[in-house]
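Visitor: Dock chains B, C and D against chain A, hints included.
Number of protein chains: 4
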Amino acid sequence: MSDIPNLAGDAVLMKSDPVPEGSLPVFGIDYSKPESRNSTARDLIDGMRYMGIQASSVAEACDIIEEMRAWRGKHISELEEHERKGTFDEEGYQKTTIFLGYTSNLISSGLRDTLRFLVQHKMVDAIVASAGGIEEDIIKCLAPTYMSEFAAKGSELREKGMNRIGNMVVPNDNYCKFEEWMVPLLDKMLEEQNDNAAKNGKDALDAGTPFWTPSKFIDRLGKEINNETSVLYWCHKNKIPVFSPALTDGSIGDMLFFHTFKASPHQLRIDIVEDIRKINTMSMNSFKAGMIILGGGLIKHHICNACLMRNGADWAVYINSGQEFDASDAGARPDEAISWGKIKADARNVKVYSEVSVVFPLIVSATFASK
Amino acid sequence: MSDIPNLAGDAVLMKSDPVPEGSLPVFGIDYSKPESRNSTARDLIDGMRYMGIQASSVAEACDIIEEMRAWRGKHISELEEHERKGTFDEEGYQKTTIFLGYTSNLISSGLRDTLRFLVQHKMVDAIVASAGGIEEDIIKCLAPTYMSEFAAKGSELREKGMNRIGNMVVPNDNYCKFEEWMVPLLDKMLEEQNDNAAKNGKDALDAGTPFWTPSKFIDRLGKEINNETSVLYWCHKNKIPVFSPALTDGSIGDMLFFHTFKASPHQLRIDIVEDIRKINTMSMNSFKAGMIILGGGLIKHHICNACLMRNGADWAVYINSGQEFDASDAGARPDEAISWGKIKADARNVKVYSEVSVVFPLIVSATFASK
Amino acid sequence: MSDIPNLAGDAVLMKSDPVPEGSLPVFGIDYSKPESRNSTARDLIDGMRYMGIQASSVAEACDIIEEMRAWRGKHISELEEHERKGTFDEEGYQKTTIFLGYTSNLISSGLRDTLRFLVQHKMVDAIVASAGGIEEDIIKCLAPTYMSEFAAKGSELREKGMNRIGNMVVPNDNYCKFEEWMVPLLDKMLEEQNDNAAKNGKDALDAGTPFWTPSKFIDRLGKEINNETSVLYWCHKNKIPVFSPALTDGSIGDMLFFHTFKASPHQLRIDIVEDIRKINTMSMNSFKAGMIILGGGLIKHHICNACLMRNGADWAVYINSGQEFDASDAGARPDEAISWGKIKADARNVKVYSEVSVVFPLIVSATFASK
Amino acid sequence: MSDIPNLAGDAVLMKSDPVPEGSLPVFGIDYSKPESRNSTARDLIDGMRYMGIQASSVAEACDIIEEMRAWRGKHISELEEHERKGTFDEEGYQKTTIFLGYTSNLISSGLRDTLRFLVQHKMVDAIVASAGGIEEDIIKCLAPTYMSEFAAKGSELREKGMNRIGNMVVPNDNYCKFEEWMVPLLDKMLEEQNDNAAKNGKDALDAGTPFWTPSKFIDRLGKEINNETSVLYWCHKNKIPVFSPALTDGSIGDMLFFHTFKASPHQLRIDIVEDIRKINTMSMNSFKAGMIILGGGLIKHHICNACLMRNGADWAVYINSGQEFDASDAGARPDEAISWGKIKADARNVKVYSEVSVVFPLIVSATFASK
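Protein chains in written order, with the working numbering: chain A, 1 to 371; chain B, 1001 to 1371; chain C, 2001 to 2371; chain D, 3001 to 3371.
In isolation and in its complexed conformation, chain A is listed as follows (with noise of 0.2 Å):
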């Protein structure tokens, strides 16, 4: 080293501490293991674990999937009355309430299977989504969405008729089959919201009165489709609230602004109150909370905030591609969210830095799909 100059080999060739016991060597798939050909998802998942980069946060976020649906409290039968209010496994073991979180364009896309997937088989709590994720569910039990490319161009498919969504496109007729399916269906809410108003008079914006609300008015969606591809209708069967504060915020905001015209001088009423007060009740009653949010903006937001009232979530798993440097809440790293005390700070939490539908067809087969 005498023929280096000083300042520069220094500055390189510093001496490092040793590396402190128990660090863990960066290392991939050993590919002369037989599972590493045409491995299944949890084969892939382990040899993802000590990768580095996104790699490492996809098998943490399986970790903290099977960690959240492992947990199990006291039996109900040892619980005082008001603390039955929370999430119990078949056999009367409290268990973790899990809210789960996407975005429209999930959706939209074939994704859409793997998320009826999962309130079928009542592996989630709660949902909450935005306007499309509502809309579109139906809409595909009674007309298909098609592939396209991100590049086809926007005026000659508005010729077409052809409404894209990413590489996706939706046939402007699907939604007015939509819309010939929603109008008798409005008819009879309205119907029976002026029913209550009759009956209840002046109580009838009371708290315990019927009122239509975005949850209420969504499970009736689900039971009136009566349909085994749709997500929402197993969230009716299987009494999965599906939250979505913004409703009108698309084509059913569409339908309902029609129907004003229609049901003059009457007009139905949501109201986004009683929703609050229920995905906070929720989030209250849980015996552990966790949350897997699949996007961001609002439905990101709105798990996180329910989690504030409990204090915190227990487990947290975001997928997305947003970044923090726009400050926005999309974008916010779990951390940001352990400031406002919408996750523990003690809480096991990744944030997978990926576009959903690359990487959770992975999680989930690795996960809630394994056995």
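Worth flagging that the hints you see were computed from the coordinates, not collected in a lab.
Note that this is a predicted model, so its numbers are computed, not measured.
It is possible that part of the hints are untrue.
[What the hints assert, rightly or not] The calculated BS3-like cross-link candidates involving lysine-lysine, where the alpha carbons are at most 30 Å apart (straight line), are:
id : chain 1 : residue 1 : chain 2 : residue 2
1  : D       : K3262     : A       : K160
2  : A       : K74       : A       : K153
3  : A       : K202      : B       : K1216
4  : D       : K3262     : C       : K2202
5  : A       : K122      : C       : K2033
[As the list claims (entries may be wrong)] Computed far set for chain C versus chain A, every beta-carbon distance over 10 Å:
id : residue
6  : S2056
7  : D2063
8  : E2067
9  : R2072
10 : G2073
11 : L2079
12 : R2116
13 : E2179
14 : W2181
15 : K2188
16 : A2207
17 : K2237
[To be verified] Covered, in the sense of this in silico footprint (three residues per stretch, anywhere, with C-beta under 8 Å from a C-beta of chain D), are these stretches of chain A:
id : segment
18 : 123–136
19 : 267–276
All C-beta atoms in this analysis are idealised placements derived from N, C-alpha and C, irrespective of residue type, glycine included.
Guide: Only chains B, C and D this time, still in chain A's reference frame:
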């Protein structure tokens, strides 16, 4: 060229067609001119117009904003009664209805002052904001938000009661102050609701009967805060409606939740159907419609969807850092909205790929605040 | 529909053209099938093919890789002597020349084992890597890289001599070990250079005279490390050239810099002209060319530029998280490369918008490692 | 508060610690002041300083640039002979050595004029650029680059010979013109190399013997183009070295490749070892070192690595849109460079998360071009 292998030579040195007439060379700022020194906003924009990459998009955004602001149609006296529903200038000429959307983080940031400037001077006609974009405006009238760092540790912040939003923090006491301010107001609102219910009986839910909606709730906040630093104050004062369909998704939602316990057996109801009618009607009544959308998610989709009701906006400026590859509406280019009829096929439009605070002060200075 | 305002109704409920024949509906995984449980890599890829968003791009990447691997042309015995310069399979049939590019961080991560698997089994024909992608492979033979966190504080790490690469750290001692390993080798290389200079005199710089280039330097590293865990070892063994034009941009550069003091008045020379001839010649000689490019920057452009010499690659797979809005080559879509003649206009190509480690293990498992 | 459930109330309305003294409130532009109208660059920067998100990062970048420019040390007459190697101002005082890095796309854009302004006025001391950042500067002296669109179709552009770079195009004829300009120059360079080889014989490769390196090759381009619009012309004129270790990765590489056929049996040699010594020596000799790095990839790492030789830069400004989640050097925050000793632990530093062209004109106007 004879020495060059044909295959490579033909590929690399292929002749090109003549450049089409009217092609615009890329060029930048001429630093020999005095206005290149500590330039004004307009000088900068002029220098960026043919710079390419996103610099030219910034200039295009300014040009579009100026165009939408400058448009004038007929005088109100030339219109039939039923046509007199859109936006007019002070002299009675038709002008563009400008929809401004922004996300919560922008109100947390110092851009709030810029947004207030726009509404104070009636430069926009309707606002769509996320819930945080409502409440943080009020809270800032009660106590300030502070500078922090993206890397500030969540668990340490939580211990101190400091809630992080990107590189800013809001002390939790600010929310306590907000609660104190809100409780009597919510009591008053409930009282008004009860009065209406009592007065209107079974018609209490009908169209035309007074009923709380997010936009009416927000207008009331603006009125009550009575503070010239507030965006909502000026919106109230200048009759600029502010839409926020998921109004319960934040601190206001927390307060409403708490209030349900206090109010029992009564309960405030906030209806989102009346608001979708209101924003869609504004869109249909507009003579020309312009969009300025800062950020993504709900606020972006909500303005676009409203503009579908008039078969598309006439001008559109998106500023955000979302990307289309995840098929989210947040990241979708204007061309996707064209496929839906949310922007007209021939409408001048641009997406500036930038975090908003980096570029919006410059844009506003060169347009709305140029004089 | 008579109640709906015409303007809105016509826009929202516009009739669409019939869906073109052959349109592909979006769908996902059928969880009623047994293979949906802890699926194999191929099952997952099959389930993602019509999922839309990036899931379908992942499946497309697999299909393209399988197609480029499967292609076979004539037998070598059918070719003229001067045509026998490209890549042949073991039985003598023409096959695709596959160019694999990767960035430094992937070698730092556990993906190194996956990359080694590919070269160990001669599944690719040339590599382009950034400088760190060379040296970190050797350094990992001397001492491990460790798992860390993105949020680990720089000043604290520097005090301990821990160099962070994303969520991994390399102890500085590893670079000291690398220096010890490199010095005698650089001495030897200089000696060989001096011998050649002495032997060839004024012709020492001519074509054909032995001269150090990045690819020859790298080949020597692979030979000397003599370690089966190394990517470069197998590249040497299997005669897979590794290109890295900016070889000095990292620890090897530090060592070369230090060595200039020791070597004075002699000095190693590493020529980049001979290497550009080498890679371009490989491209021109290829019967078919396929690109698999993991990450962006230099390595992406270098492979694309080489493929311009044959008027475009026949297949292209990009995997990266870059975006086009900044007009960088890193973020450019394959369609930009088509405009340059770097990918053929009719070549099957895809860009998977994903961080590489999230998705490449799955892709390799379903393709190269499927049997 | 008595009505609020304790669990939620305690979490939501938790008391916070007093805000530490000296905490800076977030605020924005005061539009009541005249300088808020069509503001100057400095006015805008002043208004962005406490705005939060990236606006405050932009202001911080300006402050850091001003600080690195303003620093002065001792007068040269106070220094020993061997200490007189760094950068001095015109009056003989020590000043900061500023390393400027930029990627190819910026030279393709109109930012080239801004970069030229900086070197014309000797405002920076060394440049690191990617290969395209060299050749496109020369090519623009021969024929212009044109505005285009990100969505322009690749196959149609290829047919016309239009090469797309983001939203710009370069006609292929420009490269033909470049080839015509380069061939005689390469002949001349080879002649000089041959002369040196003949003259120096077996010592032709030794340190101190004239030998082509990227920086010398680039300096010659700047000299020969002799055009005041060129960045390289002014670098040559003002003795600002330009480093580009992967100089062959682009059109110059194509020309060098072609030239190997013409030159045979001779061949130009371009050595990258001498250049790594040159840039590292500049770094070691600098009294203070400042980095301004526009974009990511090679150019970012190369400047950082050089600054390791002096145990870290004293000021660092990164402007790019890369993200850290992929563990790339391109997206790494300054804090990662601190762990390596590439930026000093106490150095003032900032990363502006922005595409460069959006923000660099404003930054330059408020700093380098403020007077």
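Visitor: Now tell me, hint by hint, if it's right for this structure.
Guide: How the hints compare with the structure:
Distance restraint check for K3262/D and K160/A: the Cα-Cα separation of roughly 56 Å exceeds the 30 Å cut-off, and the hinted pair is therefore not satisfied. Only pairs whose Cα atoms come within 30 Å are accepted, and K74/A paired with K153/A is rejected, the gap being roughly 58 Å. Between K202/A and K1216/B, the direct Cα distance comes to roughly 21 Å. Compliance with the 30 Å bound is thereby established for this hinted pair. At roughly 19 Å between alpha-carbon atoms, K3262/D and K2202/C fall within 30 Å of each other, so this suggested pair holds.
The straight-line distance between the Cα atoms of K122/A and K2033/C is roughly 18 Å, inside the 30 Å bound, and the hint therefore holds. At roughly 7 Å, the least C-beta separation between S2056/C and chain A is not larger than 10 Å, which violates its mark as non-interface. Separation of D2063/C from chain A is adequate, the least Cβ-Cβ distance of about 14 Å exceeding the 10 Å criterion. With a closest Cβ-Cβ approach of about 18 Å to chain A, E2067/C is found to remain outside the 10 Å limit, as its non-interface label requires.
The beta carbon of R2072/C sits about 23 Å from the closest Cβ of chain A, which is more than 10 Å, so the claim that it is off the interface holds. Taking the minimum C-beta to C-beta distance to chain A, about 28 Å, the non-interface status of G2073/C holds against the 10 Å cut. Interface exclusion of L2079/C from chain A stands, the closest Cβ pair being 34 Å apart, more than 10 Å. Distance to chain A contradicts R2116/C as a non-interface residue, since its nearest Cβ pair spans about 8 Å, not more than 10 Å.
With 10 Å as the threshold on Cβ separation, the claim that E2179/C sits away from chain A is violated: the shortest Cβ distance comes to roughly 6 Å. With a closest Cβ-Cβ approach of about 13 Å to chain A, W2181/C is found to remain outside the 10 Å limit, as its non-interface label requires. Consistency note on K2188/C: stated as away from chain A, and its beta-carbon is indeed over 10 Å from all of that chain's, at 17 Å minimum. Against chain A, the non-interface label of A2207/C holds: every CB pair exceeds 10 Å, the least being about 33 Å.
Residue placement check: K2237/C keeps its beta carbon more than 10 Å from all beta carbons of chain A (closest about 16 Å). Counting residues of the segment 123–136 of chain A whose CB falls under 8 Å from any CB of chain D gives 0; the rule of at least 3 is not met. Closer than 8 Å: that is the beta-carbon criterion, and the segment 267–276 of chain A has 0 residues meeting it against chain D, so the requirement of 3 is violated.
Checked against the numbered hints above, the structure breaks hints 1, 2, 6, 12, 13, 18 and 19 and satisfies the rest.
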